[in-house]
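Peer 1: One letter stands for each residue in the lines below.
2 protein chains.
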Amino acid sequence: MAYPVITIAREYGSGGRIIGQKLAQKLVLPFYDKELISLAAKESGLAEEFIRTVEQKRNLSFLYNLYSNLQMLPASDQVFLAQCQVIREIAEKGPCVIVGRCADYALRERKDCLNVFIHAPLAERIARARDVYGDDASDVENTVLKRDKDRANYYGYFTFQKWSDPHNYHIAIDSGIGLDIAVSLLAELAEHFMEVCPNA
Amino acid sequence: MAYPVITIAREYGSGGRIIGQKLAQKLVLPFYDKELISLAAKESGLAEEFIRTVEQKRNLSFLYNLYSNLQMLPASDQVFLAQCQVIREIAEKGPCVIVGRCADYALRERKDCLNVFIHAPLAERIARARDVYGDDASDVENTVLKRDKDRANYYGYFTFQKWSDPHNYHIAIDSGIGLDIAVSLLAELAEHFMEVCPNA
Chain E
8 MAYPVITIAR EYGSGGRIIG QKLAQKLVLP FYDKELISLA AKESGLAEEF IRTVEQKRNL
68 SFLYNLYSNL QMLPASDQVF LAQCQVIREI AEKGPCVIVG RCADYALRER KDCLNVFIHA
128 PLAERIARAR DVYGDDASDV ENTVLKRDKD RANYYGYFTF QKWSDPHNYH IAIDSGIGLD
188 IAVSLLAELA EHFMEVCPNA
Chain F
8 MAYPVITIAR EYGSGGRIIG QKLAQKLVLP FYDKELISLA AKESGLAEEF IRTVEQKRNL
68 SFLYNLYSNL QMLPASDQVF LAQCQVIREI AEKGPCVIVG RCADYALRER KDCLNVFIHA
128 PLAERIARAR DVYGDDASDV ENTVLKRDKD RANYYGYFTF QKWSDPHNYH IAIDSGIGLD
188 IAVSLLAELA EHFMEVCPNA
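Protein chains in written order, with our numbering: chain E, 8 to 207; chain F, 8 to 207.
Okay, chain E solo, but in the shape it has when bound (with noise of 0.2 Å):
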């Protein structure tokens, strides 16, 4: 069976990387995450918990904005960048599916990636970044709604696409449709991708 390279854009709490591993685990193959961090760590030579703090601390605000045009972000652009190498020799070396780090955008001049965004209500997120994740139900709202803010600045600073555009995407699916059906249409369509996209 030819597969694609799948690539996952996800809310915070909507179980898109959930769905991501489930996904790979019925295909049977690599998925990619927080691996990707490592992997560009070593491209880049940039230590792992520098790159870690860069990216957590995106955040497009006027201030934050001047002070990185002044002192961050030429750090923060190569790693970016070295993600987006790493992220193309992966898919370099096959179908695999990729969860977060812009991926749709790195692979943008391949035929054969099929672009998923998964999303779900305020109110699912919350509750699964709460009981799933562990997050602190105290200022779990707070959590997710920060977390997609930081996804979607990073993603619009670094594509100039706006993040939750599903025009970016060949699928967009709320996962309140419950995990495994978002996992079943996915492996359904990564198998009849290759033969009916008429750009792969």
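Please keep in mind that the hints were generated in silico from the structure rather than gathered at the bench. All values derive from a computational prediction rather than experimental measurement. One thing to keep in mind: the hints can contain errors.
Given that identical chains are not distinguished, each listed pair holds provided it fits within a single copy or across any two copies.
To be verified - Here are the simulated DSBU-like cross-link-like pairs (lysine-lysine), alpha carbons at most 30 Å apart as the crow flies:
#1 K169 / K156
#2 K29 / K118
#3 K169 / K153
Chain E is fixed; fit chain F onto it per the hints.
Peer 2: This is chain F only, laid out in the frame that chain E set:
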């Protein structure tokens, strides 16, 4: 098999209407599109031709807005409300496929609605509008863009939501993956929706 009511919003030229028809055939469900105009006309007592004219002319430019506030708005609101009422009565009868007409919004109180958005890259939509719908080739790009704008304005005006926001839909599909695979995915989702959707 217990199916949901399936609403489909679609960009012009995306093949969303064809997907809706094929899906209705596959699941053996009633299909509603322009028939709604006739039903709404009967419901509201307004002439069918007049409703078509109002719908086609809705354009939220400043001048039109000014004009419509004075002249047309009560009529167009009346048309919209009549259509919403018809859509609710249709849904009350049982599972079906409804294309367009802000049906997802009209049925927002129901938990048994599967809401779908179909989009596609502009080049593919232009080609379909020209080759399948038979639109005038010399002006087809403008036609596609204008019809999208009309639909987005119509949806935004009445629902206060963004037409292409994936959060309004359980699934958003780029029909560039192929109409038949889109139908197949939607059929699979429809078959499981009533069991797995926590809100249904």
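Peer 1: Please go over all the hints and tell whether each is borne out by the structure.
Peer 2: Results for each hint:
1. In the homo-oligomer, the alpha carbons of K169 and K156 lie at most 30 Å apart both inside one protomer (12 Å) and across protomers (19 Å), since each shortest distance falls under that limit.
2. For the homomeric pair K29 and K118, the shortest alpha-carbon distances inside one copy (24 Å) and between copies (27 Å) are both at most 30 Å.
3. Taking CA atoms no more than 30 Å apart as the test, K169 paired with K153 passes in both settings, with 17 Å inside one copy and 22 Å between copies.
Checked against the numbered hints above, the structure breaks none of them.
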